[in-house]
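Join the two chains into one complex using the hints; note that each chain is given alone, in its own frame.
Chain by chain, the residues:
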Amino acid sequence: MTISATIPVTDNVPVGLVRRKRQRLALPVIVGLILAVLVLLPIVLMFLGAVRTGTFVDPRAHFSLRSVIAVYATMPYLKTLIVTIGASLAVSFLACFVGIALAWLISRTDIPAKAWMENAVIAPLYLSPFVGALAWLILGSPNAGLINVLAREVFGVTGYAINVMTATGVILVMALYNIPYAYMTVSAALKGMDPSMEEASYLNGAGVFSTALKVTLPVVRPSIISAFFFVFVLTCGTFSIPAALGGTQAMPFLAIDIYRATATYPVDYARAAAIGTLLFWISLIGVAFYRFASQVATRFVTVTARGFRTRFLKLRGWRIPAIGFILAYVTLAIILPYFALFYVAFTRFTSSNILTASYTLDNFRSVIASVAVRQSIGNTLLVGVISPTFCVLLGIVLAYSIRRLRIRGAGILDYIAMFPIAVPGIVFGTGIFWTYLMTPVYGTVWILVIAFVATYIPYAYRMIDTSIIQIDRSLEEASALCGASHFRTASQITFRLIRPSVLSAWILVFIFSIREISAAIILASPSNKVLSVMSWDYLEFGNVQNAAIIGILQTVILMAGILVSRFLLRVKLSQSG
Amino acid sequence: MAQLSVEDLVVTYGSVTAVKDVSFVVEDGEFVSLLGPSGCGKTTTLRCIAGLEASSGGTIRIDGEIVAADGRDVPPEKRDINMVFQSYAVWPHMTVYENVAYGLKTRHEPAAVIEAKVSEALRTVGLTGYSDRYGTELSGGQQQRVALARAIVTSPRLLLFDEPLSNLDAGLRDRMRFELVELQRRLGKTSLYVTHDQSEAMLMSDRIILMKDGKMVQSGTPRDLYDRPASRFAAEFIGNANILEGTVAGTAGGKHALVTLTDGVTIEGRFSWPAQSTVFGLVLVCIRAESIILVTSGSKAVNCFEAHVKSVNFLGAVVNCLLQIGGVALRADLPARNPPHVGQTIMVRIDPEAVTLISEH
Numbered sequence: 001m002t003i004s005a006t007i008p009v010t011d012n013v014p015v016g017l018v019r020r021k022r023q024r025l026a027l028p029v030i031v032g033l034i035l036a037v038l039v040l041l042p043i044v045l046m047f048l049g050a051v052r053t054g055t056f057v058d059p060r061a062h063f064s065l066r067s068v069i070a071v072y073a074t075m076p077y078l079k080t081l082i083v084t085i086g087a088s089l090a091v092s093f094l095a096c097f098v099g100i101a102l103a104w105l106i107s108r109t110d111i112p113a114k115a116w117m118e119n120a121v122i123a124p125l126y127l128s129p130f131v132g133a134l135a136w137l138i139l140g141s142p143n144a145g146l147i148n149v150l151a152r153e154v155f156g157v158t159g160y161a162i163n164v165m166t167a168t169g170v171i172l173v174m175a176l177y178n179i180p181y182a183y184m185t186v187s188a189a190l191k192g193m194d195p196s197m198e199e200a201s202y203l204n205g206a207g208v209f210s211t212a213l214k215v216t217l218p219v220v221r222p223s224i225i226s227a228f229f230f231v232f233v234l235t236c237g238t239f240s241i242p243a244a245l246g247g248t249q250a251m252p253f254l255a256i257d258i259y260r261a262t263a264t265y266p267v268d269y270a271r272a273a274a275i276g277t278l279l280f281w282i283s284l285i286g287v288a289f290y291r292f293a294s295q296v297a298t299r300f301v302t303v304t305a306r307g308f309r310t311r312f313l314k315l316r317g318w319r320i321p322a323i324g325f326i327l328a329y330v331t332l333a334i335i336l337p338y339f340a341l342f343y344v345a346f347t348r349f350t351s352s353n354i355l356t357a358s359y360t361l362d363n364f365r366s367v368i369a370s371v372a373v374r375q376s377i378g379n380t381l382l383v384g385v386i387s388p389t390f391c392v393l394l395g396i397v398l399a400y401s402i403r404r405l406r407i408r409g410a411g412i413l414d415y416i417a418m419f420p421i422a423v424p425g426i427v428f429g430t431g432i433f434w435t436y437l438m439t440p441v442y443g444t445v446w447i448l449v450i451a452f453v454a455t456y457i458p459y460a461y462r463m464i465d466t467s468i469i470q471i472d473r474s475l476e477e478a479s480a481l482c483g484a485s486h487f488r489t490a491s492q493i494t495f496r497l498i499r500p501s502v503l504s505a506w507i508l509v510f511i512f513s514i515r516e517i518s519a520a521i522i523l524a525s526p527s528n529k530v531l532s533v534m535s536w537d538y539l540e541f542g543n544v545q546n547a548a549i550i551g552i553l554q555t556v557i558l559m560a561g562i563l564v565s566r567f568l569l570r571v572k573l574s575q576s577g
Numbered sequence: 001m002a003q004l005s006v007e008d009l010v011v012t013y014g015s016v017t018a019v020k021d022v023s024f025v026v027e028d029g030e031f032v033s034l035l036g037p038s039g040c041g042k043t044t045t046l047r048c049i050a051g052l053e054a055s056s057g058g059t060i061r062i063d064g065e066i067v068a069a070d071g072r073d074v075p076p077e078k079r080d081i082n083m084v085f086q087s088y089a090v091w092p093h094m095t096v097y098e099n100v101a102y103g104l105k106t107r108h109e110p111a112a113v114i115e116a117k118v119s120e121a122l123r124t125v126g127l128t129g130y131s132d133r134y135g136t137e138l139s140g141g142q143q144q145r146v147a148l149a150r151a152i153v154t155s156p157r158l159l160l161f162d163e164p165l166s167n168l169d170a171g172l173r174d175r176m177r178f179e180l181v182e183l184q185r186r187l188g189k190t191s192l193y194v195t196h197d198q199s200e201a202m203l204m205s206d207r208i209i210l211m212k213d214g215k216m217v218q219s220g221t222p223r224d225l226y227d228r229p230a231s232r233f234a235a236e237f238i239g240n241a242n243i244l245e246g247t248v249a250g251t252a253g254g255k256h257a258l259v260t261l262t263d264g265v266t267i268e269g270r271f272s273w274p275a276q277s278t279v280f281g282l283v284l285v286c287i288r289a290e291s292i293i294l295v296t297s298g299s300k301a302v303n304c305f306e307a308h309v310k311s312v313n314f315l316g317a318v319v320n321c322l323l324q325i326g327g328v329a330l331r332a333d334l335p336a337r338n339p340p341h342v343g344q345t346i347m348v349r350i351d352p353e354a355v356t357l358i359s360e361h
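Here the protein sequences come in this chain order: A and B. Take 1 as the starting number for the first sequence in the UniProt record's numbering and just add one per residue. Take 1 as the starting number for the second sequence in the UniProt record's numbering and just add one per residue.
Hints were generated in silico from the structure; no laboratory data involved. Cβ coordinates follow ideal geometry from the N, Cα and C atoms, glycine included. Be careful, since some hints might not be right.
Every beta carbon over 12 angstroms from chain A, so not counted as near; a handful from chain B, in silico [said to hold, decoys possible]:
id	residue
1	P75
2	M83
3	A111
4	V113
5	G126
6	Y130
7	S131
8	R150
9	D174
10	M176
11	F178
12	T260
13	V302
14	G316
15	L322
16	D333
Covered stretches of chain A, going by a simulated chain B footprint (3 or more residues, C-beta under 8 angstroms) [to be verified]:
id	region
17	235 to 241
18	472 to 484
Isolated chain B, as found in the complex (with noise of 0.2 angstroms):
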């Protein structure tokens, strides 16, 4: 267990830049998501913590270790962590026994407590009594077990993850996060985690750090990188939001400011950064769908609007409504029983601590 630091990591094939001054810190025990679509450097950057690639530039330290500096590399082999791939990467030739003491026999570790360590691993998987399976005889779900397991056994300073889910149906997709992280919290191992799929880094990641084009746009906890998203980017990667444009009108108090969006209607929100809320002129409004509330027609509270009903799509758990206040089209998710009729008036209420007013300038 260790902790893993990144320092202005720069990755470049020839002319492209696939990584830009990337830094953070993964500290010791903690479970770190890199998240973001898909070409945004994500899994550069963890296969440069790997050894898998070389990097251009910066400084990456394993346990306060140098194992990367200004193009110069310590091979993967010798930087003792390990490594989940996507796709699974399970040895076809070998059973499942000798796919996870692989690592164990490299080390030449004695014969009973590669053993012991093997079977440990494989309970802790659960996939004890597969030892003798090929891994090609093993569903997807079997497979990233092994994978798994592989990679605990030799008992890494840091645990990498990249995508290790993707290639699952969507049911065991969902159970598997569940056990990773239970596993992960279980061995305290410092793990960096990469993916492309937000639901999956906000429910298992102690931290997020969201990418885009090469460059970090923000870090954080899940909470933070939701409640208070930083960017357009952010606020439209992260969960389900409208995004409005508008200009700031005055202040309402504190951190609260006064929006006016296009056509007229005024909104109160909540600048997500202190040091913004002195900006005045055109913000972006981050307004969640999940947080335009139904409330009893004649309300007066702040933030109440009169919705004109356009469309009505059933979710199951949710209705997913487009609204229209004013000139302002919005989604909202509204609860399923007694949903609104299409053509029907409603009266909604956002929070303003639930309307993000965001500055990009």
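Bound conformation, chain A alone (with noise of 0.2 angstroms):
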């Protein structure tokens, strides 16, 4: 048998033959020359500055460790140092407390209105947590709030029912904002979870409460551990809560002592960029557990999604206190503050009464005609639409650069563009500070923009990145034998393909740049004011009411983006949504 038939070699080699696998250099390090100036040079300079006296151009400047001993080793910073993780730790296990609590009655439970239910948890993600602490010092400031003030013209309590700007009500109200992150995360996982595992505990005996303990949360603790350590390494570089709710007199916080290093005379900018450091080092110890736990998630969970239905708990009797739960949620976190908001914007301050309060726009109209309003709206809305934009070009090019052209050095430029998840945007504000503070983009909103892709790129990249891994190869090398070159390819069915990703993408950096505070008040000058950084201002000199008006300007933008996403680019802003 002969299976082979010969055919004479010809030693000329055919035009149109190319070899493959050739390595080009140039992209890889044009990318990794951008994104090392943007993420990694502010950090460094950061580090330098800690140990500088003064700026870098500042000819009398030279080299001292006294900030950094000052900050690492003496006693206000110390204090400051363990409140912060103590109280971020408090926090954390608030917010996955209540978290897990949502996740399991809504993805576990017979509750009605699943989908209702799930956009309530998650919505006061999509809002600002800066508007939100405005609106609860508003609600529960000792003598001016409005919950005190109802209390003791119904009630007849004297002094006050509540205090926000305490420890305990700077956590309680962090522990609000931060439930949504529990949420998503343990939720993704037990929507991941093979329903066999708990059918087969049924099957085996065990109750309710029991396979919840026993096998529910077992299966997902790794997502609940790596929730825990997201939330903490979120909260420590919080700036905007705490220092709403009254700054060092409530609780001092690593993020309000960058603040006034930088805001306040006697200005230390070497003194705000040795806490930076201090802060960087938390931030990571914190990210390096949650990837720690992040990856044995992915271990753990042995998703044979075959589209079973899972067989949803029966609540009875506890479906009017499960739903209760939730609307107390919802009501805390949005429905109350808005109100808040509200009252204040549209009511004229001479009312004593809440409940014969008289309404007007007059206050509205006198913020939106202001100048420096107008100007800052512009500027959130100038900043809010680059940053995603830029952000989101930027994560294209990584990605497909990394997971299509399979360039060089791609392990290390994934983990440069992943970086700034391990640093609070105050920290990075620091470091911007430092590098362009002699630039001519300092000042500008484009130094915020610089801050914000820099924060922001690893959100932008990691969504396009699973977008483009989730492609299958052959829809590409369908279009391959089609006769379509490499350009045409990218551009009809790769790009096509990602662009719902890349939307979500420009989307959720939206969100984040337009509600963003830590950064831009860093790098705030009176040309570059955004919306936040202006309410923040109002606050500080006391104007709270025109402080919730710019609140509300901003949600307005906010809902305007999402609404205009969801609805008219039909875009997913969560896996879960």
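The structure is reproduced here in structure tokens:
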């Protein structure tokens, strides 16, 4: 039997044969440089700044460990450090506790209107935590807080009913706005879990609660731990909520110390940088734990999503309390705060009684008429549109180069692109400040664009990267076999298929950019104020009403962006939503 | 339409060799299948021919033109071939029409020509009227037809099929086999088809190339592979065979030989390949379950044996029985009408032509 026919081999190789896997260096070098300048340089310069006595261009400045020693080894800072870590742990614990309960109720029980419930629980994510804190200040400050006023007028309470301007208040409000993060992580794990694991437990005679405790929770435990550290890292770098609820008087916080070092006399940029490095280390440790837990979580999820209909647990008599629990959360996180904001924004100051207040649009009109406010609306929109655009473009270039062009150093590029996850916005702000202080972009909106792109590139990159990974290679191969060039395949197939994710990433970074305050406040100058900084300024001067109006304006922009994306562009904002 | 020739193809990934010295020719208009278990290198071979995978050595020619040689490749988009994928690869963001028109638009053909060719292709695969649907709105079978229309519409020199039917459910798969073969015969396209399903390969192919561990094991018409397996692997992979060990006891004229099985049962068989008929000593004896025939008791013809029925399993058209002949256990497919009972002793005959002797030494 012969299975091969001999064909004479010609020696001259015809035109058109191309050697494969030719590695090009230009692309990885360019992309790597952009990333390094954007992401790594600010952090390096922040570390350098921490050991200088003045800015880099100051001729009298020299190297000194003064600030570093003060921050790392002396009293007020050590106490702040411990309080920051302790409070962040408490916040993570509370957020995870409530987040798990909400996730279990929505994914495992027969609670009605699941989609609505879920949207309601995730909704606080799209709102600014700073505006939420401002609203709680209006609701729960000891003297003028609406709840306390109401308690005094209606129930005759003397003193105050609640006080959010305390350490407890700060922790509770922070937990309130971090619950959606915990919810989303745990809920994704619960939904990915093979329902037969729980069914096997029921068949072995275990009841609802022992199944939840002995099977469900242990299986999703790695996800819970990763949610815990995610919230921990976010909380450690939070500026907005502790600052709005009374700053150092209520509770010392590292992020506030950074702000005070740059904004109040005596201005000490080196100290800001030194505190920034300290916060950076805490975040890095938190992220290390988070990464470890996430890796374990991916190993744990033995998803066999064969489209089984999960058997929902019947709540029966617990139905009303369960719905009440979710409604209570939504009330505390959204309804009550926005009621307070609208109340303050649209009533006259002179009205003494909440129940008989007279409503007016005058306040709103006068704020809108202000040139500074108009300018800051413009700035917000500009930054809010440009930052996600750059972020998404860079994310596409990165993900496509790494996944499809298989450039050299792909692993390193991936790591650098994900690095900002470990850097709180206020730390980035400090680094960006040291990096661009003497360049023309300082004091313009462009420095905010740089800061936001650097801070949010991990989110945009990861979303786009995930969607590229999920494209079945044969969809692109089929295009090549139809005769399409690389460029045509990329433009007609690959980019068209990742477009929904690109839009989602754009909207996500848009939301982040509009509500961002911590980097913006470090880099603020009179000409680049965005709405969140404007609102903060009004609050600092004690003008709560104008701060609330600005907060509402900011929310309107956020809502407009979300509604347009959701209903016009049909963008999915979260895996679960 | 063109001839495909593959010569000494080698594919290595690091230290792993996925394809070793594979050589074959697919003649103009021929339908050839690459058949083998998963991991045998059949898909890798196909992807090298498509240009989706880089070859490490060897030469691939389409219509006499070299498309891959010594690790240099013509990119897939310049090979003027097309392929039907296992996952269909129907682009979800395009309509059926856009999917099929894609390759023609790439070639900048005039709109009127595209229109005509697409509707012709859709008519050929039976999807007229589905132009405006999106890929995701179609069933698996319909998506497969879209993929097929997309592959034939560009009039490629060569059609490649990568297990195109393996994701379909059984009934549809059977129907699509006939349709595919009928279509290929009508268009006369040179086709290479990869599958792990032996009955699919038998039914559709002019010729089958059997592969194992990156190497070609045997090549021939479906009839050849069935009647004359060259190895234990070929005998086991194609059809339902009993493989026994035996010793050649003497010749029985021509290609035939007498073989003694364990426990002294002697059976007459035939060497598949005349060159092996001089072999003595150990051989493998391949008896297909369907070539064991029930005969009336007392028959004295060649290869008649008394068999003890150990078990009977009803399969519909046939009963699959476990028979004990002396010390030898055999599986036999007997007619389901008047089947034997367990414990009964029956008389069976095995035509010497159906007893294949394989020398693997």
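Results of checking the hints against the structure:
A Cβ of chain A approaches the Cβ of P75 (chain B) within 12 angstroms, the least distance being about 6 angstroms, so the stated non-interface status is violated. Distance check for M83 (chain B) against chain A: the nearest CB is about 5 angstroms away, which does not clear 12 angstroms, and the non-interface claim fails. With a least beta-carbon separation of about 17 angstroms from chain A, A111 (chain B) lies farther than 12 angstroms from that chain, consistent with its non-interface assignment. With a minimum CB-CB distance of about 15 angstroms to chain A, V113 (chain B) clears the 12 angstroms threshold, and the non-interface call stands.
Residue-level check passed: G126 (chain B) sits 20 angstroms from the nearest beta carbon of chain A, beyond 12 angstroms. For Y130 (chain B), the non-interface assignment is confirmed: its Cβ lies about 18 angstroms from the closest Cβ of chain A, beyond the 12 angstroms cut-off. Every CB of chain A is more than 12 angstroms from the CB of S131 (chain B) (nearest about 18 angstroms), matching its label as outside the interface. Some Cβ of chain A comes within 12 angstroms of the Cβ of R150 (chain B); the nearest lies about 7 angstroms off, and the non-interface call is violated.
Interface exclusion of D174 (chain B) from chain A stands, the closest Cβ pair being 24 angstroms apart, more than 12 angstroms. Remark: the non-interface label on M176 (chain B) is consistent with the geometry, its nearest Cβ contact in chain A lying 18 angstroms away (cut-off 12 angstroms). Every beta carbon of chain A lies more than 12 angstroms from that of F178 (chain B), the smallest distance being close to 24 angstroms; the non-interface claim holds. Look at T260 (chain B): its CB is around 28 angstroms from the nearest CB on chain A, clear of 12 angstroms, so calling it non-interface holds up.
No Cβ of chain A comes within 12 angstroms of the Cβ of V302 (chain B); the nearest lies about 28 angstroms off, and the non-interface call holds. No Cβ of chain A comes within 12 angstroms of the Cβ of G316 (chain B); the nearest lies about 29 angstroms off, and the non-interface call holds. In this structure L322 (chain B) is separated from chain A by more than 12 angstroms, as the shortest Cβ-Cβ distance comes to about 34 angstroms. Consistency note on D333 (chain B): stated as away from chain A, and its beta-carbon is indeed over 12 angstroms from all of that chain's, at 29 angstroms minimum.
Only residues whose C-beta sits within less than 8 angstroms of a C-beta in chain B count toward coverage, and the region 235 to 241 of chain A has 0 of them, not enough to reach three; the restraint is violated. Counting residues of the region 472 to 484 of chain A whose CB lies closer than 8 angstroms to any CB of chain B gives 11, so the stated coverage by that chain holds, three being the minimum.
Hints 1, 2, 8 and 17 from the earlier list are contradicted by this structure; the remaining hints agree with it.
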